[in-house]
Amino acid sequence: MKKSFLLILISILIFFPSILLMADFPISTAANDQELPAVAWDGTNYLVVWEDGRIEIYDIFGQRINPSGGLVGGNFLINTTSGMLHASPALDWDGSHYLVAWQHKSSPGSDIYGNLDIGVTGIELLSFSASPTNTGILLTWFASLDGNGICWVIERGHKKDGDFHRITTIPIKGSAPHSERFKYEDNSVIPGVGYYYRLENLKQNSDL
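Counting from 0, one number per residue, gives the positions in the sequence shown under numbering that gives the first Met the number 0.
A few of these clues could be false.
Cut-off 30 angstroms, straight-line C-alpha distance, at most; resulting in silico cross-link-like pairs (DSS-like, lysine-lysine) [what the hints assert, rightly or not]:
no.: 1; residue 1: K159; residue 2: K182
no.: 2; residue 1: K182; residue 2: K158
no.: 3; residue 1: K104; residue 2: K182
no.: 4; residue 1: K172; residue 2: K182
Calculated directly from the structure, the hints in this document are not laboratory data.
Using the sequences and the accompanying hints, generate a full structural model.
Right, dumping it as structure tokens:
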């Protein structure tokens, strides 16, 4: 009996690692720190939320992920108040809506804020181009917006599949659906060096 038990135990220990050893995949590679993730499942996709330092001290960002590990849309901003520290997010799903709650630190103390309107910005990027100028690289793009975006985040890297770093944010004006052209000249480039650019639209939700 002891011999059979040991054989079964060894078989289990050998079998399970083949199931658990899955490849890691990035959820956010934005500039600065991303910390303290929390995850919930809505029956179709996962929602991951975390502290994010790409814009200010810390904000709360989210990302939807399908069951295969693919990203659904891009990272999106959950809190709307700025200039404060938003920390330690937690979330749950009630069958219809996500609730995300977090610590909202302001002077002289802290409060708890939340958000029920969790989604991804509905935009369509119609064109995006980069062209050299005498002083840098001019980025131009044309997009159809749903009126919920608060800003564009422009990131730059040296390799297509490498690390990207935020170089600026471009505010979006207006709260009604519309189409708009944008441009930005990157004057911090080095002549003769190749660059890749990444464009992200951040959505505004409603704090509770």
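Against the structure, the hints:
no., hint, result
1, K159 - K182, "21 angstroms, holds"
2, K182 - K158, "22 angstroms, holds"
3, K104 - K182, "35 angstroms, violated"
4, K172 - K182, "14 angstroms, holds"
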